[in-house]
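Since chain C is already given, all that's left is putting chain B on it; use the hints.
Given next are the chains, with one letter for each unit.
Protein chains: 2
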Amino acid sequence: MEEILVYGHRNPDSDAICTSIAYANLRNILKNNERAVAVRIGELNEETKYALEYFGVDNIPYVDNVAGKKIIMIDHNERTQTANGFEEAKVLELIDHHRIANFVTAEPLKARVEPYGCTSTIVCEMYMEKNIVPSKKMAGMMLSAIISDTLLFKSPTCTQNDIKACEYLASIAEVDLNKYGMDMLKAGTNLSKKTLKEILNMDMKIFELAKGRFGIAQINTVNEKEPLEKKEEYLKEISAMIEELKLDGFMFVITNILTNNSVAIVSGEKVDVIEKAFSKSNDSIIELPGVVSRKKQIVPPLTNA
Amino acid sequence: MEEILVYGHRNPDSDAICTSIAYANLRNILKNNERAVAVRIGELNEETKYALEYFGVDNIPYVDNVAGKKIIMIDHNERTQTANGFEEAKVLELIDHHRIANFVTAEPLKARVEPYGCTSTIVCEMYMEKNIVPSKKMAGMMLSAIISDTLLFKSPTCTQNDIKACEYLASIAEVDLNKYGMDMLKAGTNLSKKTLKEILNMDMKIFELAKGRFGIAQINTVNEKEPLEKKEEYLKEISAMIEELKLDGFMFVITNILTNNSVAIVSGEKVDVIEKAFSKSNDSIIELPGVVSRKKQIVPPLTNA
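Line by line, the protein sequences give chains C and B. Going by this note's numbering, the first sequence runs without a break in its numbering and finishes at 307. Going by this note's numbering, the second sequence runs without a break in its numbering and finishes at 307.
Check each hint, because a few of them may be wrong.
Any copy will do: because identical chains look the same in the list, a pair fits if it lies in one copy or spans two.
[As the list claims (entries may be wrong)] Calculated cross-link-like contacts (lysine-lysine; reagent style DSSO-like; alpha-carbon spacing at most 30 Å):
| hint | residue 1 | residue 2 |
| --- | --- | --- |
| 1 | Lys232 | Lys188 |
| 2 | Lys92 | Lys166 |
| 3 | Lys33 | Lys138 |
| 4 | Lys166 | Lys132 |
| 5 | Lys298 | Lys282 |
| 6 | Lys33 | Lys112 |
| 7 | Lys92 | Lys207 |
| 8 | Lys278 | Lys92 |
| 9 | Lys51 | Lys181 |
| 10 | Lys112 | Lys132 |
| 11 | Lys139 | Lys195 |
| 12 | Lys278 | Lys227 |
| 13 | Lys297 | Lys196 |
| 14 | Lys278 | Lys213 |
| 15 | Lys139 | Lys248 |
| 16 | Lys298 | Lys33 |
| 17 | Lys238 | Lys33 |
| 18 | Lys298 | Lys112 |
| 19 | Lys112 | Lys139 |
| 20 | Lys238 | Lys297 |
To be clear, the hints were calculated from the coordinates, so they are not data collected in a lab.
One chain only, chain C, in its complex shape (with noise of 0.2 Å):
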C-alpha cells in the first residue's frame, strides 16, 4: 500500500505534529488503498508531549528527507520551514493558514487554506464536512494544536471558526478547555532540560523579506525575567546562530502567556530593520506590549520596515 507522508514545519510546534496526527487518521478514514503516515522533521517540545502524553497518543516518527516521496505539507509551505528532499517529493495536498511564499510545486495540488488561528481548525472542519466524529484522541490532539496556536484564544490571529472548533472538540475529548489548556500551555514554558541553543531552536522560524533573512525565535513563559537574566549567554547563541544561517537579524521574542505581553532580545547587521518596525532596542531589548503573535503581530510589521 502506498505510503504518504504527513507532516508540519521544522521545529515543530503542537500544530505541527497534532494536526499531521488528526489529518493522517482522517485521510486514512477516507481512502482505503493508501496509507497516510504522521511523521515529524524535528523534536517534539515539552508541550506537545504534555498533550500526546494526556491523550495517550504515540510520538510519530522522525524523517530527516523526503525526496522521493508523496507528501502532505501541514502547517507551513515556505521552503526554508519545509523538510529536505522537498524538490524531489511529489506534493500532493497543502493544509496552512499562513501567508503563501518560496512555495513552487511541479503540478497542481490540492491546497486548503484558511487565514485562521491554527491548522487543526481546518483540519476539524474537514472531519464534519464528511460527517465523521473524530475519536476522543484525535479530538484531543486537535483542541491541543488550537490552545498551543491561539493562546488559549488570547492571541490576536484567533478566529471565531478556531473557538468554535475547539468548544465542539473539547465535548467530545472530556476535557475542561481552560483548565486542560493552561496545564498544557504551562509545560511547554518548562525549558529546564533544555539548552540555551535548544530553546532558540524550539520554535524558530526563517523569513526571506525583501530587506533581509531575519531568524524569529518564539518561547512561552510564565516569568520572562528568567529567561532575561540570561540575555548575555543568549546573545552569544544568537550571534553563532546568525553566522551558521547566514541571517541579517534575530529577535528572540519571549511571551508572557499570562500577562500575554511579550519582551524580544534583538541582534544582528540589520537591527535597524527591528528597530524601525517595533522600537529602538535598549540594550539589545525590545518590548512588546501586547504582543503574543509571530504571524499577525511581528512578520507584518518586519515586512512593511
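For chain B alone, kept in the frame of chain C given last:
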C-alpha cells in the same frame, strides 16, 4: 459597501470569466457587508461570448490595475498571469486548479486549490457545501467553464468531480450537454474577425521554467489546415512577440476539438528544449498526437526537458 474584485488570468478563457462570475455570485449570497464584483483583465474570446449570450449573462467590466484593491484570484496564481498592481493588492482568496508557483502573499489568505479539470468544479462544490442551488444562469456559467477546460470531458485533466458537477449543473441549466458543448466549443473556433496577433494572444500564457521563459499559446479548431497555411505569417508575429516579451521559446498549439490531436508551430532561441520535450520539429512544426491539455501534456514535459 466594500468592493472586492474577483478575476481570472490574462487572456481570459471561459474558466477565468465564467468562474469569476459564478463565484462572485456565491460570495454575495453568503456575505452581506461586502460586494464581490467579477471583473476581467483581458478581452472575451468567441467561446466565452457565446456562453454569456446563450445564458443571458452580461459581460463584466475590464480592469487594468488592481493596486490598492482587495482581490480574489480565480484560475491562476503565477505572477506572469495576473493583473498589474498585484503587489499593491490584498489577496483575500485564491481558487485555482493549477500548480502553485511565483505566488507570494504578504498575509494569510483563504486558498482552495484542487487538481480538477476546471475551477468551476471547485466553485460548484462550494455551492453544494453551502446548500445553495445555483440559478440557471450561474449553472450555465459553471458548466460552460467545465466544458471549455475539459474539452467536453475529453481532456486528460478531466476528473470524476468535473463530470459529476457538470451533469448536476446541466440539469439545472436545462441544456443537452453534448449539443450545447459542441456548439460552444465550435463558436470558439471562429477566428474570422481576429488578426493573427490577436489569435496568438487569445490564450497565451508565459511560463518561467528552469530552462528559460516560454510562451505557450493554444487555440481550438475544427480544421488545423487553415492556421497551418498561414504558418509563415504566424512565425513573423511570433518573432515579434518573442522579442517584446523577452521569451526564450514559443509554442503555438493548435488543437482539433473533433479529433483531439494537436499540432504546434514552434520558434525561439531555445526551440531545442521544446524538441527535447516532444519531438524534432519539421519546418517549425511539431505534431502532438493525442495532446489537448497544455497543463498536463505540454508544461510538464517542457519543465522536465
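Outcome of the hint check:
1. Proximity of Lys232 to Lys188 under the C-alpha cut-off of 30 Å is restricted to the intra-copy arrangement: shortest distance 20 Å within a copy versus 74 Å between copies.
2. Only between protomers do Lys92 and Lys166 lie at most 30 Å apart by alpha-carbon distance; the minimum there is 27 Å, versus 34 Å within a single protomer.
3. Taking the closest pair of Cα atoms, Lys33 and Lys138 come within 30 Å of each other only inside a single copy of the chain (21 Å); across copies the shortest separation is 34 Å, beyond that limit.
4. Proximity of Lys166 to Lys132 under the C-alpha cut-off of 30 Å is found in both arrangements, the shortest distances being 17 Å within a copy and 18 Å between copies.
5. Taking identical chains as interchangeable, the C-alpha atoms of Lys298 and Lys282 lie at most 30 Å apart only when both belong to the same chain, with a minimum of 20 Å there against 53 Å between chains.
6. In this assembly of identical chains, Lys33 and Lys112 lie within 30 Å of each other by CA distance both inside one copy and across copies; the values are 15 Å within and 25 Å between.
7. In the homo-oligomer, the alpha carbons of Lys92 and Lys207 lie at most 30 Å apart both inside one protomer (23 Å) and across protomers (24 Å), since each shortest distance falls under that limit.
8. In this assembly of identical chains, Lys278 and Lys92 lie within 30 Å of each other by CA distance solely across copies; the values are 23 Å between and 40 Å within a copy.
9. Taking the closest pair of Cα atoms, Lys51 and Lys181 come within 30 Å of each other only inside a single copy of the chain (17 Å); across copies the shortest separation is 61 Å, beyond that limit.
10. With identical chains, the CA atoms of Lys112 and Lys132 are at most 30 Å apart both within one copy (16 Å) and between copies (20 Å).
11. For a Cα distance limit of 30 Å, the shortest separation of Lys139 from Lys195 inside one copy, 27 Å, qualifies, whereas the shortest one across copies, 64 Å, does not.
12. In this assembly of identical chains, the alpha carbons of Lys278 and Lys227 lie at most 30 Å apart only when taken from the same copy (25 Å versus 63 Å across copies).
13. Proximity of Lys297 and Lys196 under a CA criterion of 30 Å is satisfied intra-copy only: 25 Å inside one chain copy versus 49 Å between copies.
14. Within a single copy, Lys278 and Lys213 get their C-alpha atoms as close as 12 Å, which meets the 30 Å cut-off; across copies the closest is 40 Å, which misses it.
15. Taking identical chains as interchangeable, the C-alpha atoms of Lys139 and Lys248 are never at most 30 Å apart, the minima being 41 Å within one chain and 56 Å between chains.
16. For the identical chains of this complex, Lys298 and Lys33 are inter-copy neighbours only, at 24 Å across copies versus 35 Å inside a copy, given an alpha-carbon limit of 30 Å.
17. Neither within a single protomer nor between protomers do Lys238 and Lys33 lie at most 30 Å apart by alpha-carbon distance, with minima of 50 Å and 52 Å respectively.
18. When the C-alpha separation of Lys298 and Lys112 is checked against a cutoff of 30 Å, the pair qualifies both within a copy, at 25 Å, and between copies, at 15 Å.
19. In the homo-oligomer, the alpha carbons of Lys112 and Lys139 lie at most 30 Å apart both inside one protomer (26 Å) and across protomers (28 Å), since each shortest distance falls under that limit.
20. When the C-alpha separation of Lys238 and Lys297 is checked against a cutoff of 30 Å, the pair qualifies only within one copy, where the shortest distance is 26 Å, while the shortest distance between copies is 51 Å.
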